[in-house]
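Undergrad: Start from chain A and add chain B according to the hints.
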Amino acid sequence: MSTQLVSERAAVLRRSVRARTIYALGPTTMLAGVVWAFLQPYRITLLHPHGEGFWWLVIEPPILVVLAGVVFAFLIAPGVIEDLEAEENGG
Amino acid sequence: MQPPAEFVHWMFATGFLLLGLCLLAQAVVGDEVWRRRPWRTYLWPGLAFLMGVLMWPVMVFFTNSTIHMVAHGSWAQVMMLAGGAELGLVRGKLHSRYWRLTMPLAFLVSGASFLIHEQNSWLFARSAFLHHVIGWTMIVGAVFPFVATFRPRSAVWRSGFALTFVVLGVLLYCDRDVAPIFGHISSQAGTPHR
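So the protein lines, in turn, are chains A and B. Residues 1 to 91, numbered by the working numbering, are exactly what the first sequence covers, in order. Residues 1001 to 1194, numbered by the working numbering, are exactly what the second sequence covers, in order.
Because the hints were derived from the structure by calculation, they are not lab data. Some clues are possibly wrong.
A short list of chain A residues far from chain B (calculated; beta carbon distances all over 10 angstroms) [stated by the list, open to error]: (1) THR29; (2) ALA37; (3) PHE38; (4) LEU46; (5) ALA77.
Between beta-carbon pairs, the in silico distance windows are [as the list claims (entries may be wrong)]: (6) B/PRO1152 to A/VAL58: 21 to 31 angstroms; (7) B/SER1065 to A/GLU88: 49 to 59 angstroms; (8) B/MET1001 to A/VAL34: 47 to 57 angstroms; (9) B/ARG1035 to A/ALA24: 41 to 51 angstroms; (10) B/ALA1155 to A/LEU46: 32 to 42 angstroms; (11) A/PRO27 to B/SER1096: 32 to 42 angstroms; (12) B/SER1154 to A/VAL34: 28 to 38 angstroms; (13) A/ALA24 to B/SER1154: 13 to 23 angstroms; (14) A/ARG20 to B/MET1001: 41 to 51 angstroms; (15) A/GLN40 to B/VAL1070: 26 to 36 angstroms; (16) A/PRO27 to B/ARG1037: 20 to 30 angstroms.
All C-beta atoms, glycine included, are put in the ideal place defined by N, C-alpha and C.
Next comes chain A alone, as it looks inside the complex (with noise of 0.2 angstroms):
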């Protein structure tokens, strides 16, 4: 095999290494965001939501996580990987 195919080869699988990790970025916060609820199951109020104002039941952190993961993973990395690949196949 001469180096400029094992160098391609080699560039290639880097790539999609990059393209795997932003597809993994969201996925992981929004699973960071669901282990912390179970580690801390008193912080989702939502769980026992009587006598509880207006702000504790919206704002409940463990839910953030998995939104800020949420908004990553379906508005921003799509868009990104798309624009990744494209650049990858000389687009």
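TA: For chain B alone, kept in the frame of chain A given last:
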């Protein structure tokens, strides 16, 4: 209807987490790919600028002393300056890369404000402990945007810059009313919950 202070911290934590994710993605794919879509170019500088703007109402409604007001006002100004400078650079209105030094400046001013406005050393108390940790995190973390200014293609420094925002977000999420970190809080601090 005004939220307690920790809720504001959690909302800002979410903003910093998103900011960190965007910066991390940009560090991974590089500027050329990240800037292929114009709206994405303005995403994180705009978010940083917006968070600076939103810090003003925090300063007005959530400060109970002069030193708190000065600290929150300083954060508002340096966040707007750093976000605005980056917006100017990506728009092409500003040309010198040294405008990016506004970001390490923002880190240093923010870190110093955290340390100065939390003057008590009750490190067993969550609020004081977090203020000190966040302050030193910002000051040490300033090295990442500083070096990234001179080595803009270095994924290591840019990732460190991004992860500093993620760590800042995690620390802000840790903010809770009077919950203790080390040992037991004085009974005078009120009833701990959550």
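Undergrad: Could you tell me which of the hints above the structure violates, numbers in ascending order?
TA: Structure breaks hints 1, 5, 6, 8, 9.
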